[in-house]
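Below, each chain spelled out in residue letters.
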Amino acid sequence: MIPTYPTKIIQKVNLAKLTFPPENVLSENYESDDFELFSNESYVNMQGWNWKGYDTFIVLRRRL
Amino acid sequence: MELERIRYVYRVEKKIVNYLNTNAKNPMQFEKLIDNLYEKNSKHIDDLDRLDVGVASLVCALSASGCAPLTSCSGHPKGAKGIVPNIVFFAHEPIAKKLLDLAITSKIGLENLETDEEYNGLIVYSNSIIGLMDFSQTLYNNFQ
Numbered sequence: 001m002i003p004t005y006p007t008k009i010i011q012k013v014n015l016a017k018l019t020f021p022p023e024n025v026l027s028e029n030y031e032s033d034d035f036e037l038f039s040n041e042s043y044v045n046m047q048g049w050n051w052k053g054y055d056t057f058i059v060l061r062r063r064l
Numbered sequence: 065m066e067l068e069r070i071r072y073v074y075r076v077e078k079k080i081v082n083y084l085n086t087n088a089k090n091p092m093q094f095e096k097l098i099d100n101l102y103e104k105n106s107k108h109i110d111d112l113d114r115l116d117v118g119v120a121s122l123v124c125a126l127s128a129s130g131c132a133p134l135t136s137c138s139g140h141p142k143g144a145k146g147i148v149p150n151i152v153f154f155a156h157e158p159i160a161k162k163l164l165d166l167a168i169t170s171k172i173g174l175e176n177l178e179t180d181e182e183y184n185g186l187i188v189y190s191n192s193i194i195g196l197m198d199f200s201q202t203l204y205n206n207f208q
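Chains as they are written, first to last, in the numbering used here: chain Z, 1 to 64; chain E, 65 to 208.
Just so you know, the hints here were simulated from the structure itself, not pulled from any lab data.
Careful: at least some of the hints might be erroneous.
[Unchecked claim] The calculated PhoX-like cross-link candidates involving lysine-lysine, where the alpha carbons are at most 25 Å apart (straight line), are:
| id | chain 1 | residue 1 | chain 2 | residue 2 |
| --- | --- | --- | --- | --- |
| 1 | Z | 8 | E | 162 |
| 2 | E | 171 | Z | 12 |
| 3 | Z | 8 | E | 161 |
| 4 | E | 79 | E | 162 |
| 5 | E | 89 | E | 78 |
| 6 | E | 96 | E | 79 |
| 7 | E | 107 | Z | 12 |
| 8 | E | 161 | Z | 17 |
| 9 | E | 171 | Z | 8 |
| 10 | E | 162 | Z | 17 |
| 11 | E | 79 | Z | 12 |
| 12 | E | 107 | E | 89 |
| 13 | E | 171 | Z | 17 |
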């Protein structure tokens, strides 16, 4: 049995509001053949999750 | 990421979901069986880059499409305030526009998610992981 979740499907995007974090920080400490450092900005603060105790988030992105 | 990787992850994911669908009698059991796979460090889970079962192939497809996935969750049947299967990601405008067109035809949820004051992203979601897995193949077919 695969769970289903009652939810209202919204398909609406305000393109003007989209932003893309700059790929501004590269560090060989985190990079590998498969992954590159995407950002070390602390922009992960969403959905009411409690991120207290963390100063910085390292976001790795798989190399294309 | 190579596009073929998406196909591979999808196949592995599908195999796991078929197993869960056969063996779980209810949503709670479904989640428990998934937890067991992660606790046992199943090779199949490693093949999904340890992403959640049900969102892994779409995370890969979004990444291969030029987006930057940030967080993902395969959903929780109870507690956690009813989180539906979703992926939060960043996308440039041209890709976002194309994704919106595809989401509409695929009946997948897609909307803005303001992540903080500086960067704003998108959230894609569905009422079932099957919807997200199928959407990964839609992206594969449209971006290859």
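Consistency of the hints with the structure:
1. The suggested pairing of residue 8 of chain Z with residue 162 of chain E holds, with an alpha-carbon distance near 21 Å, which does not exceed 25 Å.
2. The straight-line distance between the Cα atoms of residue 171 of chain E and residue 12 of chain Z is roughly 12 Å, inside the 25 Å bound, and the hint therefore holds.
3. For the hint pairing residue 8 of chain Z with residue 161 of chain E, the CA-to-CA distance comes to about 21 Å; that is within 25 Å, so the pair holds.
4. Between residue 79 of chain E and residue 162 of chain E the CA atoms are separated by roughly 29 Å; this puts the pair beyond 25 Å, and the hint is violated.
5. Of the supplied pair hints, the one linking residue 89 of chain E and residue 78 of chain E holds, its CA atoms being roughly 18 Å apart against a limit of 25 Å.
6. At roughly 17 Å between alpha-carbon atoms, residue 96 of chain E and residue 79 of chain E fall within 25 Å of each other, so this suggested pair holds.
7. About 38 Å separates the Cα atoms of residue 107 of chain E and residue 12 of chain Z, which puts this hinted pair outside 25 Å; it is violated.
8. Using a Cα cut-off of 25 Å, the hinted pair residue 161 of chain E and residue 17 of chain Z holds, with the two alpha carbons roughly 12 Å apart.
9. About 11 Å separates the Cα atoms of residue 171 of chain E and residue 8 of chain Z, which keeps this hinted pair within 25 Å; it holds.
10. Restraint check for residue 162 of chain E and residue 17 of chain Z: the C-alpha separation of about 16 Å stays at or below 25 Å, so the hint holds.
11. Between residue 79 of chain E and residue 12 of chain Z the CA atoms are separated by roughly 32 Å; this puts the pair beyond 25 Å, and the hint is violated.
12. Straight-line distance between C-alpha atoms of residue 107 of chain E and residue 89 of chain E comes to about 24 Å, which keeps the hinted pair within the 25 Å bound.
13. Note on residue 171 of chain E and residue 17 of chain Z: the hinted pairing holds, with a Cα-Cα distance of about 22 Å set against a maximum of 25 Å.
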